[in-house]
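Student: The residues making up each chain are set out below.
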Amino acid sequence: TQLLEQSPQFLSIQEGENLTVYCNSSSVFSSLQWYRQEPGEGPVLLVTVVTGGEVKKLKRLTFQFGDARKDSSLHITAAQPGDTGLYLCAGDLAGAGNNRKLIWGLGTSLAVNP
Amino acid sequence: NAGVMQNPRHLVRRRGQEARLRCSPMKGHSHVYWYRQLPEEGLKFMVYLQKENIIDESGMPKERFSAEFPKEGPSILRIQQVVRGDSAAYFCASSPKDPGLGRNEQFFGPGTRLTVL
Numbered sequence: 049t050q051l052l053e054q055s056p057q058f059l060s061i062q063e064g065e066n067l068t069v070y071c072n073s074s075s076v077f078s079s080l081q082w083y084r085q086e087p088g089e090g091p092v093l094l095v096t097v098v099t100g101g102e103v104k105k106l107k108r109l110t111f112q113f114g115d116a117r118k119d120s121s122l123h124i125t126a127a128q129p130g131d132t133g134l135y136l137c138a139g140d141l142a143g144a145g146n147n148r149k150l151i152w153g154l155g156t157s158l159a160v161n162p
Numbered sequence: 005n006a007g008v009m010q011n012p013r014h015l016v017r018r019r020g021q022e023a024r025l026r027c028s029p030m031k032g033h034s035h036v037y038w039y040r041q042l043p044e045e046g047l048k049f050m051v052y053l054q055k056e057n058i059i060d061e062s063g064m065p066k067e068r069f070s071a072e073f074p075k076e077g078p079s080i081l082r083i084q085q086v087v088r089g090d091s092a093a094y095f096c097a098s099s100p101k102d103p104g105l106g107r108n109e110q111f112f113g114p115g116t117r118l119t120v121l
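Note that the protein sequences, when read in sequence, are chains A and B.
Residue numbers for the first sequence follow the numbering used here, beginning at 49 and rising by one.
Residue numbers for the second sequence follow the numbering used here, beginning at 5 and rising by one.
Next comes chain A alone, as it looks inside the complex (with noise of 0.2 Å):
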């Protein structure tokens, strides 16, 4: 089974704090990508990740993939209210064939509280 793994599932933190989510999968993927979502919305594309060990940041998030491309961490610098949400990772396989499927993780619910 093709899973990818996230940690934490919830995590409630005060302004102004740092934190880390892990997505983590026996898996390697061609590429993998960060969305939030949050309530009452569709999710929303934060960035693609495609080759290992690579960083990239917007803002205060700093994403990063696995030299392995098996799993990626998503940082946030100072948290603010806006950044609660639910932060969802998903892995592109690149499977033979014309199968785009992406194997999701099941999201890490944030909640940055003022």
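Hint data in this document are derived by calculation from the structure and do not stem from the laboratory.
Where hints are given, some of them may not hold.
Simulated pairs of lysine to aspartate or glutamate, DMTMM-like, Cα-Cα distance not exceeding 20 Å [to be verified]:
id, chain 1, residue 1, chain 2, residue 2
1, B, 48, A, 86
2, B, 48, A, 53
3, A, 118, A, 53
4, B, 31, B, 109
5, B, 48, B, 72
6, A, 118, B, 109
7, A, 105, B, 109
8, B, 31, B, 67
9, B, 48, A, 102
10, A, 104, B, 109
Covered, in the sense of this in silico footprint (three residues per stretch, anywhere, with C-beta under 8 Å from a C-beta of chain B), are these stretches of chain A [as the list claims (entries may be wrong)]:
id, region
11, 91-97
12, 132-142
13, 149-156
Some, not all, of what chain B presents toward chain A, calculated at C-beta under 8 Å [to be verified]:
id, residue
14, 35
15, 46
16, 47
17, 49
18, 69
19, 114
20, 115
21, 119
As the structure is a prediction and not an experimental result, all values here were calculated from the model.
Each residue gets a CB set at the ideal place from its N, CA and C atoms; glycine is no exception.
Guided by the hints, dock chain B onto chain A, whose structure is given.
Tutor: Leaving out everything else, chain B in the frame of chain A:
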């Protein structure tokens, strides 16, 4: 350029009725994915379609659920004889025909919230 559009945003059905959920992908996108989400949970893959073809329906319940993506018009997720357990948010996502290498990114609609009474 409009993003992925879904309608209706909210749908209420009584047990035994049919629910039809529509998804118009982003302009130029020919791949559509349907997901189901329960409160406080992640996305559950249901089906992946290209124009006039079902590519992967491994997440679709064997009965009552069907999906199509015709040559013209939106993709439709149809749930027949709905039951209370079908109540959930259903999201549609689309992706372009030829993404860049290693960039199989999906773009989501706002979802349809189905409530079965």
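Student: Does each hint fit the structure? Answer for all of them.
Tutor: Hints, one by one, checked against the model:
no. : hint          : verdict
1   : B:48 / A:86   : 17 Å, holds
2   : B:48 / A:53   : 14 Å, holds
3   : A:118 / A:53  : 11 Å, holds
4   : B:31 / B:109  : 15 Å, holds
5   : B:48 / B:72   : 18 Å, holds
6   : A:118 / B:109 : 18 Å, holds
7   : A:105 / B:109 : 18 Å, holds
8   : B:31 / B:67   : 32 Å, violated
9   : B:48 / A:102  : 28 Å, violated
10  : A:104 / B:109 : 16 Å, holds
11  : 91-97         : holds (count 4)
12  : 132-142       : holds (count 5)
13  : 149-156       : holds (count 6)
14  : 35            : 6 Å, holds
15  : 46            : 4 Å, holds
16  : 47            : 5 Å, holds
17  : 49            : 6 Å, holds
18  : 69            : 17 Å, violated
19  : 114           : 5 Å, holds
20  : 115           : 5 Å, holds
21  : 119           : 14 Å, violated
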